[in-house]
Amino acid sequence: MPQDYPLIVVNDVDYSYLNGTVALKKINLKIFKGELVGIMGKNGAGKTTLIRTFNGLIRPTNGNIYINAENIKSKTTGTLSQKVGIIFQNPQHQVFSNTVEEEIKYSLKSLNLSKSETQFKTDEILKKFNLDKYRERSPLNLSGGETKKLAVASIFCRDPEILIFDEPTLGQDAKEISFFIELINSEMKKGKTIIIVTHNIEFAMEYIPRTVLMADGKIVADGPTKKIITHEFLVTKSALVLPQISQFNLALNKIGIACPDTIYSKNTMIEFLADYIRNKSKVVSGENN
Amino acid sequence: MSLEFLNAFKFQKKNTFVHNLDPRAKLLFSIVYSISALMFTEIVPLFIIFLTLIPMILLGKMVKEWIRSIRGLSFLVIMIIVLNTFFISLGYAIAMIIRISIMITAFSIFFLTVHPNDLALSLISMKVPYPYAFSFSLAFRFVPTIANEAQNIMDAQQSRGYEMKTSGLINQIKNLFPLLVPLIICSIKRAFNVAEALESRAFGSFKDRTYYYIIEYKFKDWLFTIYLICFFIITIYVRIHFSFMPEWFAWEMGV
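Chains as they are written, first to last, in numbering that gives the first Met the number 0: chain A, 0 to 288; chain B, 0 to 254.
Hints were generated in silico from the structure; no laboratory data involved. Among the hints, erroneous ones may be present.
[Said to hold, decoys possible] The calculated label-pair distances, taken between Cβ atoms and stated as ranges, are:
1) Asp-221(A) with Glu-215(B): 37 to 47 Å
2) Thr-98(A) with Phe-49(B): 30 to 40 Å
3) Thr-98(A) with Thr-144(B): 47 to 57 Å
4) Thr-98(A) with Val-142(B): 26 to 36 Å
[Claimed, not checked] For lysine to aspartate or glutamate, the following DMTMM-like pairs were computed, each having C-alpha atoms within a straight-line distance of at most 25 Å:
5) Lys-24(A) with Glu-41(B)
6) Lys-188(B) with Asp-215(A)
7) Lys-217(A) with Glu-198(B)
8) Lys-74(A) with Asp-154(B)
9) Lys-188(B) with Glu-166(A)
10) Lys-173(B) with Glu-166(A)
11) Lys-191(A) with Asp-154(B)
12) Lys-173(B) with Glu-175(A)
13) Lys-104(A) with Asp-220(B)
14) Lys-188(B) with Glu-116(A)
15) Lys-120(A) with Asp-154(B)
16) Lys-25(A) with Asp-154(B)
17) Lys-173(B) with Glu-100(A)
18) Lys-9(B) with Glu-201(A)
19) Lys-108(A) with Asp-154(B)
20) Lys-104(A) with Glu-69(A)
21) Lys-41(A) with Glu-162(B)
22) Lys-188(B) with Glu-175(A)
23) Lys-72(A) with Glu-162(B)
[Said to hold, decoys possible] Computed footprint of chain A on chain B; a stretch qualifies when at least three of its residues, placed anywhere within it, have a C-beta under 8 Å from a C-beta of chain A:
24) 81–94
25) 217–230
Treat the numbers as computed from the prediction; the structure is a model and nothing was measured. Glycine included, each C-beta is placed from N, C-alpha and C at the ideal position.
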């Protein structure tokens with residue numbers, strides 16, 4: 000459960016790239032401890048730029064970022080990466096070791112653990128991610144899904160307080176997505192704060208309670224996911240597509256079936272339609288009698 | 000460390016005198032200026048050569064991009080100052096900085112103003128076989144993409160505790176592996192993908208091919224070439240007769 004304590008505070012943050020592109024404009028955001036937050040928006044909206052400021056990969060042109068009430072301005076990326084772990088879109092960007100086991104050990108290297116502790120943590124994480132059987136295999140020979148798992152595992156083994164995923168469902172099959180969802184749930188139970196950058200609106204609708212919607216480097220909406228991503232204007236502005244359930248809802252309203260816009264799940268929609276058909280058949284049978 | 004400075008070498012479409020020049024004339028310009036810079040180790044002649052580049056930057060409306068390319072190489076400049084001052088002299092270090100600035104500026108002007116397609120066309124007109132000309136222009140086009148990829152790899156590694164700065168030469172070499180291995184693998188994969196995409200679009204199925212755009216050497220290109228030839232002749236003359244030049248020409252810093 001999220002606590003009242005804001006873990007990440009973003010204060011009037013601007014960021015411009017060297018080529019003059021303004022990627023972030025006056026961003027103000029609070030993310031609470033234990034929260035699961037989604038960041039959505041069209042390509043180039045500033046989502047990835049924003050998350051890269053959280054562990055100091057890029058420094059804001061203006062404004063401040065506080066993590067655990069500490070301004071991160073003077074902190075190095077090395078220090079910040081112990082608190083904030085970012086799992087990037089392309090897992091191929093980080094694998095380089097000879098074996099899967101060494102890949103995990105490399106992530107643990109900067110934590111200054113003893114040899115036995117490093118081995119223990121490596122074994123534990125490999126088991127957790129079902130990568131134990133590939134321990135001696137080259138990470139370059141793993142499948143796309145397994146490489147992604149390895150990339151996630153190499154951040155998880157560092158046990159950061161804040162976990163940030165950039166497009167975690169991209170190119171993943173159903174089994175891999177459900178493994179990822181289980182993983183998020185178990186981390187949430189441990190009180191971790193999770194931020195997910197995604198374009199997958201159905202995934203966000205089902206699993207992410209709060210969404211920050213970005214467009215042209217600004218936050219255009221921040222609130223309950225279900226309200227934001229079923230809002231036709233906001234969704235169109237962010238070049239997203241309404242969830243299928245909302246599209247179905249609109250279609251029903253167009254043909255004269257007054258469907259309430261508070262229906263967000265398949266089950267509620269089925270219940271609504273069942274009630275509607277039941278009532279309609281009662282009216283028809285009444286008319287016939 | 001940011002590799003964003005490599006974008007300063009990326010073609011930008013503008014309608015200026017420099018942009019509209021023939022790519023072959025601009026290639027000649029970069030070569031002439033680079034050779035001229037290599038001919039001198041004295042501050043004054045190098046500085047004069049450097050000054051003659053400024054009108055090109057202004058005419059091409061690329062002051063910002065040029066500053067960015069020079070700023071991005073500040074690390075190299077510091078290295079040159081430190082090593083040359085330590086082993087030779089400060090005056091020599093400054094001369095070397097001007098020399099490298101001339102070469103970077105000349106090639107930066109070339110890359111910023113020549114579209115990769117025009118580069119291929121100009122190579123073809125110089126009788127370079129099409130597959131080689133195309134590969135060269137493709138490699139040139141991929142420089143910013145690879146720079147971008149290198150930045151992403153750096154970010155991914157830093158997110159799991161990779162430290163850019165380590166002490167000791169061996170450690171610094173070792174430290175390059177987490178960056179170089181993924182970069183090489185990703186580049187090889189991209190090369191295979193591009194090759195497959197090209198083959199699926201019938202690349203090389205006909206030996207002779209026609210071109211939609213044809214580049215032409217116009218009057219202004221000839222004028223520019225004549226200027227370059229004159230400039231080069233003067234530079235060579237000055238180099239050969241350097242001892243007959245006024246005293247101030249061979250001025251050296253007394254440090």
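Hint check results:
1. Asp-221(A) with Glu-215(B): 37 to 47 Å: 57 Å, violated
2. Thr-98(A) with Phe-49(B): 30 to 40 Å: 52 Å, violated
3. Thr-98(A) with Thr-144(B): 47 to 57 Å: At 30 Å between Cβs, range violated.
4. Thr-98(A) with Val-142(B): 26 to 36 Å: This hint holds: roughly 33 Å between Cβ atoms.
5. Lys-24(A) with Glu-41(B): Answer violated: Lys-24(A) to Glu-41(B) is near 48 Å, above 25 Å.
6. Lys-188(B) with Asp-215(A): 32 Å, violated
7. Lys-217(A) with Glu-198(B): Roughly 42 Å separates the two Cα atoms, so the pair is violated.
8. Lys-74(A) with Asp-154(B): Satisfied, since the Cα-Cα distance of roughly 16 Å is no more than 25 Å.
9. Lys-188(B) with Glu-166(A): 21 Å, holds
10. Lys-173(B) with Glu-166(A): Outside the cut-off at roughly 31 Å; violated.
11. Lys-191(A) with Asp-154(B): 22 Å, holds
12. Lys-173(B) with Glu-175(A): 34 Å, violated
13. Lys-104(A) with Asp-220(B): 59 Å, violated
14. Lys-188(B) with Glu-116(A): 36 Å, violated
15. Lys-120(A) with Asp-154(B): 24 Å, holds
16. Lys-25(A) with Asp-154(B): 24 Å, holds
17. Lys-173(B) with Glu-100(A): Judged against 25 Å, a Cα distance of about 18 Å means the pair holds.
18. Lys-9(B) with Glu-201(A): 38 Å, violated
19. Lys-108(A) with Asp-154(B): 17 Å, holds
20. Lys-104(A) with Glu-69(A): 29 Å, violated
21. Lys-41(A) with Glu-162(B): Not satisfied, since the Cα-Cα distance of roughly 32 Å exceeds 25 Å.
22. Lys-188(B) with Glu-175(A): Cα-Cα ~24 Å, so holds.
23. Lys-72(A) with Glu-162(B): OK: Lys-72(A) and Glu-162(B) at ~18 Å, within 25 Å.
24. 81–94: violated (count 0)
25. 217–230: Three-residue rule not met by the segment 217–230 of chain B, so violated; n is 0.
Checked against the numbered hints above, the structure violates hints 1, 2, 3, 5, 6, 7, 10, 12, 13, 14, 18, 20, 21, 24 and 25; every other hint is satisfied.
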